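**Student:** Next come the chains, spelled out residue by residue.
2 protein chains.
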Amino acid sequence: MFKQKINIVDTTLRDGSHAVSHGFTVEQTEAIAGGLDKVGVDIIEISHGDGIAGSSINYGFSKTHEMELIKAAKNKMSSAKLAVLLLPGIGTIEDLEEGRENGAEVVRVATHYSEADVGIQHIEYAKKIGMMAVGFLMMAHMGTPEQIVEQARIFVESGADYINIADSAGYMTPDDVRARISLLKNSINIPIGFHAHNNLSLAVANSIAAVGEGATYIDASCRGLGAGAGNTQLEVLSAVLDRMGYNTGMDIYGAMDVAEDIVEPIMYRPQVIKTAPLMLGYAGVYSSFLLHTYKAAERFNLNPRDILVELGKRKMVGGQEDMIVDVAFALSQKK
Amino acid sequence: MFKQKINIVDTTLRDGSHAVSHGFTVEQTEAIAGGLDKVGVDIIEISHGDGIAGSSINYGFSKTHEMELIKAAKNKMSSAKLAVLLLPGIGTIEDLEEGRENGAEVVRVATHYSEADVGIQHIEYAKKIGMMAVGFLMMAHMGTPEQIVEQARIFVESGADYINIADSAGYMTPDDVRARISLLKNSINIPIGFHAHNNLSLAVANSIAAVGEGATYIDASCRGLGAGAGNTQLEVLSAVLDRMGYNTGMDIYGAMDVAEDIVEPIMYRPQVIKTAPLMLGYAGVYSSFLLHTYKAAERFNLNPRDILVELGKRKMVGGQEDMIVDVAFALSQKK
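Going line by line, the protein sequences match chains A and B.
Heads up: the first sequence is residues 1 to 335, going by the UniProt record's numbering.
Heads up: the second sequence is residues 1 to 335, going by the UniProt record's numbering.
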């Protein structure tokens, strides 16, 4: 039987960085990157949780400069490709150049699902300097499948090597994933990837739903280490894909050992689904809304969960935090 | 839009009993049962993890006699039905009678997926004394959909009110669930239920797959508290079903609060997917095999994970633990 090759993109050292308050050390990074390389992960993403140059008062300072971590990881890697995430507006072309000098071979250019155009120059530059370039669409649950295709095409035309759809709020059900990936598969002719969050406990299921529709790059992290409820649990995903007859090329027992012996001991807390991430996934909103929502709820004597659901319905995006008070006021009038 | 009613069966105080070494107190049971009743759970299952009369040197002693817990819970419940699990051979007709006297209105008679006949008398007796009776088929991944239907029919003919399929090892993928539930739905004319374990991080996904094929009773527990990797996380499931347009009749915010405020503080450890439960789910074998497997692996210098996978392939069942050495010997000869 022909087994479809699925590329595994590990994001323990990038999305997982959020879950350790950007506190990864050189030693930890070497152990994790070296371990993941050995078990056959295809791409290892390393940078501040908010992408290169994310270390700041706004997004949290990295304990160790990410370029040091990238260089250290690269030294321990022999087969996997090293990737960085870049959010235009946070990271720049200069940061990307520095990442490449330190060993990055792949850049994932991440924009809001409706703003691929702000990433065109970064994709084009990466291709010019010989890097693999990925167009990464965040909060993709907010866009219709047609809108996602339209934005993906912008990245395709810029020269992206594959398109990655991110369920950043952990909002999607498997049906939501299938609708987006299948239309993409029928509309563009470069590979498709998927990045899940586990807010609704559906990260592995959504990832296999994406694979079922033709996605061939799947993001995951050891023990699911990542923002909020975390990402797709790497060692579980590789076991499930193997059982379903896909070829990840991975040593699945080895992946279990990296997760249990190297990553688990350095985690700050287990990646369980508590109320806050569950509500964010249920409502489909940014985690940055939480604090503002609690304040507005107190001021207008509302249940903060009702405000989150209303923010999701209105498709509020990051940067619109000051409108939360208006939404809360409107809700309080309706009561 | 018509919203299909899905009945939620909470098993925090039964399957979750495994995860707290059968240590639930009267106070904890009152708080959990009372909380679940208030948020609109339909059935609350209470008994030793291995069913009524499970308290023993073999299965672990209960800290508090389950009949005391059942009576205490009943006092705090006003709308949910109280259920007990009964494994023929462990629990008897007399235990069932005692459970009913203390407040149980439902019995779930659980047998290995291929041995429904050992539960006939318990289903018939329960119906005779006016209880709701459920035929519960364990380790259902080991049977083909046709075999599951054949066994379910035995329970249907005995008078069961619904049939519950249990993925006891947490082995199934959503496709495995769909194959079994859809054939059952087309073959029997009483309601169908599903009980998941989260070994492959697919418990919520498998539960919604079951609902998609027509299952109307779904097991879940607060924070997923249950044996091994735990069960379907109740508060997540209720949020996902709501988002998908099903009617659980539940106060989903209230369920989040019961999980976070009442259950989480009494958990011994978070319900995360470590290597041992992952391997059991990947191989599809009983947790009782683990210790024997480690011993055999040491004796024959094998990787215990290879032995587990072989045991799964050979469809070994509980009680066959002494054959693990034979399997290990055969594997060592092949090497």
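Careful, some of the hints might be misleading.
Label-pair ranges, simulated between beta-carbon atoms [stated by the list, open to error]:
{"hint": "1", "chain 1": "B", "residue 1": "Val118", "chain 2": "A", "residue 2": "Lys5", "range": "44 to 50 Å"}
{"hint": "2", "chain 1": "A", "residue 1": "Gly249", "chain 2": "B", "residue 2": "Lys315", "range": "57 to 63 Å"}
{"hint": "3", "chain 1": "B", "residue 1": "Gln121", "chain 2": "A", "residue 2": "Glu264", "range": "43 to 49 Å"}
{"hint": "4", "chain 1": "B", "residue 1": "Gln121", "chain 2": "A", "residue 2": "Gly245", "range": "29 to 35 Å"}
{"hint": "5", "chain 1": "A", "residue 1": "Lys3", "chain 2": "B", "residue 2": "Lys128", "range": "50 to 56 Å"}
{"hint": "6", "chain 1": "B", "residue 1": "Met323", "chain 2": "A", "residue 2": "Ser78", "range": "38 to 44 Å"}
{"hint": "7", "chain 1": "B", "residue 1": "Lys295", "chain 2": "A", "residue 2": "Gly249", "range": "28 to 34 Å"}
{"hint": "8", "chain 1": "A", "residue 1": "Gly245", "chain 2": "B", "residue 2": "Gly159", "range": "47 to 53 Å"}
{"hint": "9", "chain 1": "B", "residue 1": "Lys315", "chain 2": "A", "residue 2": "Met323", "range": "46 to 52 Å"}
{"hint": "10", "chain 1": "A", "residue 1": "Glu115", "chain 2": "B", "residue 2": "Pro265", "range": "38 to 44 Å"}
{"hint": "11", "chain 1": "B", "residue 1": "Met244", "chain 2": "A", "residue 2": "Lys5", "range": "49 to 55 Å"}
Capping the alpha-carbon separation at 25 Å, the derived lysine-lysine pairs in DSS-like fashion look like this [said to hold, decoys possible]:
{"hint": "12", "chain 1": "A", "residue 1": "Lys5", "chain 2": "A", "residue 2": "Lys185"}
{"hint": "13", "chain 1": "B", "residue 1": "Lys5", "chain 2": "B", "residue 2": "Lys38"}
{"hint": "14", "chain 1": "B", "residue 1": "Lys71", "chain 2": "B", "residue 2": "Lys127"}
{"hint": "15", "chain 1": "A", "residue 1": "Lys313", "chain 2": "B", "residue 2": "Lys315"}
{"hint": "16", "chain 1": "B", "residue 1": "Lys38", "chain 2": "A", "residue 2": "Lys38"}
{"hint": "17", "chain 1": "B", "residue 1": "Lys74", "chain 2": "B", "residue 2": "Lys3"}
{"hint": "18", "chain 1": "A", "residue 1": "Lys5", "chain 2": "A", "residue 2": "Lys81"}
{"hint": "19", "chain 1": "A", "residue 1": "Lys295", "chain 2": "A", "residue 2": "Lys313"}
{"hint": "20", "chain 1": "A", "residue 1": "Lys315", "chain 2": "A", "residue 2": "Lys295"}
{"hint": "21", "chain 1": "B", "residue 1": "Lys335", "chain 2": "A", "residue 2": "Lys38"}
{"hint": "22", "chain 1": "B", "residue 1": "Lys274", "chain 2": "B", "residue 2": "Lys334"}
{"hint": "23", "chain 1": "A", "residue 1": "Lys3", "chain 2": "B", "residue 2": "Lys38"}
{"hint": "24", "chain 1": "A", "residue 1": "Lys71", "chain 2": "A", "residue 2": "Lys127"}
{"hint": "25", "chain 1": "A", "residue 1": "Lys313", "chain 2": "A", "residue 2": "Lys334"}
{"hint": "26", "chain 1": "B", "residue 1": "Lys295", "chain 2": "A", "residue 2": "Lys274"}
{"hint": "27", "chain 1": "A", "residue 1": "Lys74", "chain 2": "A", "residue 2": "Lys3"}
{"hint": "28", "chain 1": "A", "residue 1": "Lys274", "chain 2": "A", "residue 2": "Lys334"}
{"hint": "29", "chain 1": "B", "residue 1": "Lys295", "chain 2": "B", "residue 2": "Lys335"}
{"hint": "30", "chain 1": "A", "residue 1": "Lys71", "chain 2": "A", "residue 2": "Lys81"}
{"hint": "31", "chain 1": "B", "residue 1": "Lys38", "chain 2": "A", "residue 2": "Lys274"}
{"hint": "32", "chain 1": "B", "residue 1": "Lys335", "chain 2": "A", "residue 2": "Lys335"}
Source of the hints: derived by calculation from the structure; they are not laboratory data.
Just so we're clear, the structure is a prediction, and the values are computed from it rather than from any experiment.
Built from N, CA and C at the ideal position, the CB exists for glycine as well.
**Student:** None of the hints should be skipped; say for each whether it holds.
**Tutor:** Hints, verified against the model:
In this structure the hint that B/Val118 and A/Lys5 lie 44 to 50 Å apart at CB holds, the actual value being about 46 Å. For A/Gly249 and B/Lys315, the hinted distance range of 57 to 63 Å is not satisfied, since their beta carbons lie about 29 Å from each other. Taking the beta carbon of each, B/Gln121 and A/Glu264 are about 47 Å apart, inside 43 to 49 Å as hinted. Evaluation of the 29 to 35 Å hint for B/Gln121 and A/Gly245 yields a failure: the beta carbon distance comes to about 42 Å.
With their beta carbons about 54 Å apart, A/Lys3 and B/Lys128 fall inside the hinted range of 50 to 56 Å. Distance hint check for B/Met323 and A/Ser78: the Cβ-Cβ separation is about 42 Å, which falls inside the suggested range of 38 to 44 Å. Against the hinted window of 28 to 34 Å, the Cβ-Cβ separation of B/Lys295 and A/Gly249 comes to about 32 Å, which satisfies the hint. At roughly 41 Å, the beta carbons of A/Gly245 and B/Gly159 sit outside the given window of 47 to 53 Å.
Restraint check, B/Lys315 to A/Met323: a C-beta distance of roughly 58 Å breaks the suggested window 46 to 52 Å. Range check, A/Glu115 to B/Pro265: Cβ separation about 43 Å, and the 38 to 44 Å hint holds. Checked against the hint of 49 to 55 Å, the pair B/Met244 and A/Lys5 fails, with Cβ atoms roughly 32 Å apart. A hinted pair counts as satisfied when its Cα atoms are at most 25 Å apart, and A/Lys5 with A/Lys185 qualifies at roughly 16 Å.
Distance check on the hinted pair: B/Lys5 and B/Lys38 sit about 18 Å apart at the alpha-carbon level, within 25 Å; holds. Between B/Lys71 and B/Lys127, the direct Cα distance comes to roughly 21 Å. Compliance with the 25 Å bound is thereby established for this hinted pair. Taking the CA atoms of A/Lys313 and B/Lys315, the gap is about 48 Å. The hint is violated against a cut of 25 Å. Distance restraint check for B/Lys38 and A/Lys38: the Cα-Cα separation of roughly 51 Å exceeds the 25 Å cut-off, and the hinted pair is therefore not satisfied.
Restraint check: the Cα-Cα separation between B/Lys74 and B/Lys3 comes to about 30 Å, which exceeds 25 Å; the hinted pair is violated. Between A/Lys5 and A/Lys81 the alpha-carbon distance is near 16 Å, which keeps this suggested pair within the 25 Å criterion. A threshold of 25 Å between alpha carbons decides the hint, and for A/Lys295 with A/Lys313 the separation of about 20 Å falls inside it, so the pair holds. A threshold of 25 Å between alpha carbons decides the hint, and for A/Lys315 with A/Lys295 the separation of about 20 Å falls inside it, so the pair holds.
With a C-alpha separation of about 23 Å, the suggested pairing of B/Lys335 with A/Lys38 holds against the 25 Å cut-off. For a cut-off of 25 Å, the pair hint linking B/Lys274 to B/Lys334 is broken: about 29 Å separates their Cα positions. Restraint check for A/Lys3 and B/Lys38: not satisfied, since their Cα atoms lie roughly 50 Å apart, outside the 25 Å limit. Between A/Lys71 and A/Lys127 the alpha-carbon distance is near 21 Å, which keeps this suggested pair within the 25 Å criterion.
The suggested pairing of A/Lys313 with A/Lys334 holds, with an alpha-carbon distance near 16 Å, which does not exceed 25 Å. Between B/Lys295 and A/Lys274, the direct Cα distance comes to roughly 37 Å. Violation of the 25 Å bound is thereby established for this hinted pair. The straight-line distance between the Cα atoms of A/Lys74 and A/Lys3 is roughly 30 Å, outside the 25 Å bound, and the hint therefore fails. Proposed proximity of A/Lys274 and A/Lys334 is contradicted: the alpha carbons are some 29 Å apart, above 25 Å.
Note on B/Lys295 and B/Lys335: the hinted pairing holds, with a Cα-Cα distance of about 18 Å set against a maximum of 25 Å. Proposed proximity of A/Lys71 and A/Lys81 is supported: the alpha carbons are some 13 Å apart, at most 25 Å. Note on B/Lys38 and A/Lys274: the hinted pairing holds, with a Cα-Cα distance of about 20 Å set against a maximum of 25 Å. A hinted pair counts as satisfied when its Cα atoms are at most 25 Å apart, and B/Lys335 with A/Lys335 does not qualify at roughly 71 Å.
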